[in-house]
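What follows is the residue order along each chain.
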Amino acid sequence: MSVATATARDTVRIATGRSRDRSAASLVFLGLLWFSLFFGVMVLVVLITDTAIAGSGRFDSALVTGYDSTLYPERTGFRAGILGSLWLMLFTAVMAVPLGIAAAVYLEEFADSTRWYNRIIEVNLQNLAAVPSIVYGLLAVAVMALIGIERKGIVLGGAIALALLILPVIIITTREAVRAVPEEIRQGSLALGATTWQTTWRQVLPSAVPGIATGTILGLSRAIGEAAPLLMLGLASSVRFDPEGMMSPITALPIQIYGLSSSSQQAFQDAASAAIIVLLVMILSLNGLAIFIRNKFQRSW
Amino acid sequence: MSSNNTAGAGPSLGAGLPGASVNLGRKPRPGETAIKAVLFVSAMLSVAITVGILVALVEPVIHFFAEVPFGDFFSFDEGQRFAVFPLITATLMTTAIALMVSVPLGLGAAMYLSEYASRRARKYLKPTVELLAGVPSVVYGFFAVMFVTPTLLQDILGLGVGFTNALAAGLVLGVMIIPTIASLAEDAFSAVPQALRQGSYAMGANRMQTTLRVVLPAALSGVAAAIVLGLSRAVGETMIVALAAGSQKNFSLNPLEGMQTMTGFMATTAGGENPVGSTSYNTLFAVGLTLFVITFVINMVSIALVRRYRQAY
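Protein sequence lines correspond, in order, to chains A and B.
Each step along the first sequence adds one to the number in UniProt numbering, with nothing skipped, and position 14 is 14.
Each step along the second sequence adds one to the number in UniProt numbering, with nothing skipped, and position 97 is 97.
It is worth saying that the hints were derived from the structure and are not from the lab.
Note that the structure is a prediction, hence the values are computed from the model and not measured.
Hints are not guaranteed to be accurate.
Incomplete in silico selection of chain A near chain B, CB under 8 Å [said to hold, decoys possible]: (1) Asp-21; (2) Phe-39; (3) Leu-107; (4) Asn-124; (5) Ala-228; (6) Tyr-258; (7) Asn-287.
Distance condition first, Cα-Cα at most 25 Å in a straight line; then the derived DMTMM-like pairs of lysine to aspartate or glutamate [what the hints assert, rightly or not]: (8) B:Lys-123 - A:Asp-21; (9) B:Lys-123 - A:Glu-176; (10) A:Lys-296 - A:Glu-183; (11) B:Lys-27 - A:Glu-244; (12) B:Lys-126 - B:Glu-115; (13) B:Lys-36 - A:Asp-21; (14) A:Lys-152 - A:Asp-21; (15) B:Lys-27 - A:Glu-184; (16) B:Lys-126 - A:Asp-21; (17) A:Lys-152 - B:Glu-59; (18) A:Lys-296 - A:Glu-122; (19) B:Lys-36 - A:Glu-122; (20) B:Lys-36 - A:Glu-244; (21) A:Lys-296 - B:Glu-130; (22) B:Lys-36 - A:Asp-112; (23) B:Lys-126 - A:Glu-184; (24) B:Lys-27 - A:Asp-112; (25) B:Lys-123 - B:Asp-187; (26) B:Lys-27 - A:Glu-183; (27) B:Lys-36 - A:Asp-242; (28) B:Lys-126 - B:Asp-187; (29) A:Lys-152 - A:Glu-244; (30) A:Lys-152 - B:Glu-273; (31) A:Lys-296 - A:Asp-112; (32) B:Lys-36 - A:Glu-108.
Note that beta-carbon positions come from the ideal geometry of N, C-alpha and C, so glycine has one too.
All chains should be built: construct the whole structure from the sequences, respecting the hints.
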C-alpha cells in the first residue's frame, strides 16, 4: 500500500518535471529572482516613507495654496508650481495628442510598410523614444527662437518641449491600441462599401479609444514629472503669480523641487519632501485613472 | 421589400457596365486623399523632429567652434572650461554603476516574470515593476542626496563619500532603469519558442537549467538590446546626476568622489545666468550634440539587436 503510494508520488513528481526544482541551487536561484523582482518595490517603499516622514511637518494648506517664500521658509508653498504643471499638462496634451493619433493612424491603417520612407519613420520613432529628455529641451529652445519668441520660461516653450518628448510615446501606444482592433471589423466595414478613412474613423478609432486614452494619460504622467527639458527653457524655480496664458512665465512642481533640494536650510528641504509627495500623488492618480479606464472600457475581442 | 431591393441592386451594378472592369480601389476620392496626406504629414513630423534636433544643435555648435578651438573642447583637462572628456568619463562612471545594479536585477525580474510567474501573477507583478519607471527623476535625485548618500553610504556602510558622489547617483540611476531592462528582456524571453523549453525539460533539465542554459542564450540578442537601451537611458538621464553626482568637473576613476556628467553640466549651465548666444551658452549645445550623437549610436545598436531577435523566431 505505502509502496504503491510512494511510487505513485514519484511518478507524479517526474511527470510534472519538478523533481529537481527543489535542489539547493534551484531554490537559491528562485530566491534571487524574487529578490530582483521585489528590490525595486523595497526601494520605492523606503523612498516614499523617508520622504513622507521628512515632509510630514509640512502637510498644511499653505503647501498647496501659498507661493514660495524666501523670508518664511516654514510657510513656503507650491501653488505656482502645481498650477504651472497643470497648465503645461493641458497645453502639452492639446499639441501632442492629435498629432500623435494622426501619425499612429497613418502608420497602422494607411502606410505601406515596404516603402522606404515608411520604414524610416518606424526606425526614427524607435530612436526618438530613447532620445534623452534634455535634448528635447534644446530642440524647444530652437523652435522658440524660430518662431521669434524671446521670453524665457513661458508656458508655450515648456509645453512644446514636453509635447515633443511624449509624442513618440503617444504614437507607440496608439499604434498598439489600433493594432488590437481585429481585422474582421475593418473587413466588415470595407465590405459594406466604406472607404479606408470611413472605416478608421467610424470603426477602428472608437474601438481603440480606451487604449489610446490609457497611453495618452501615461504619457502625460511622464511629462508632468519631467524637469530637465524645462530647465533648458529657463523656467524659474520662483514665480509668485498664477499662469495667465500661453506667454505667461511659469514654474513647474519638479523645477521647484529641484530648486529647493540644493538649499541648505532644513525648512526648505522639508518643504521639498512634502512637494515630492504632492507630485507623486498627482502622478499616481493619473496612473490610477489610466488603469481604471483600461479595466473598465477595454474590450477583449 | 428591402431584401428585394438589395438582391436587385447587386447584379444590376455590374450588368449596367458591360465589359468595363469597375475597380473601386482606383476611383479618385479627393477627400480620402487629402486626409491621407494630413496623416502622412503628421507621421513625417517625427522625422522632422529628428532633423530639427540636429539643426537646432549644429547651428550653435558652429558658432561655438568659431570661438573655441577644437583642442579646448576635446580635452581631458578638468581645469579647462570647455573640456568635454571629463564630463564623458563621469557619465561613463555613473552609467557603469547603474548597469551593475540594473542588469542583474532587471534580468532576474524578467526571468521570473517570463519563466516562473503564472499568467495571473504576471498580470499584477509586471505593473508593480513598472511603477518604478513612473517616479520622476527629480524625486530619485532628491532621494539620492537626502537618503542614499547620508544614510546608506555614510552611516550604514561607513564610506567616506562627499555630499555629492558618483556612487549614490549611479546606484539610484540603476534602480530607475530596472523596469526598462526588465520589460524589454521579458519580451525577448517570451519570444523564445516553447518547443525549446519542452526539449530541455525532456532531456531532464529543471527550470533553472532551462532558464539559464536554453532560454537565456536563445534570447541573447534581445537581452543585449534591453541592456543597450538601459545604457542609453542611463547616459541621457539628467536630474539624478545633476543633484547627486556633483557640479565640478573631475577627471577621476574614484566613484566616491563627486564628478559632473554631461547632462549634469547642461542642467547647471542652463540654470545659470548665461546670456543667449554667448560662448558659455553655446557650450550647452556642444555638449548636447555630443550627448545626442552618443545616445543615437547606442539606440541604433539596440534597434538592430531587436530586429535580429525578431527575425530569429
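Q.
For a quick check of understanding: which of the numbered hints are violated here, in increasing order?
A. 11, 13, 14, 18, 20, 23, 27, 31
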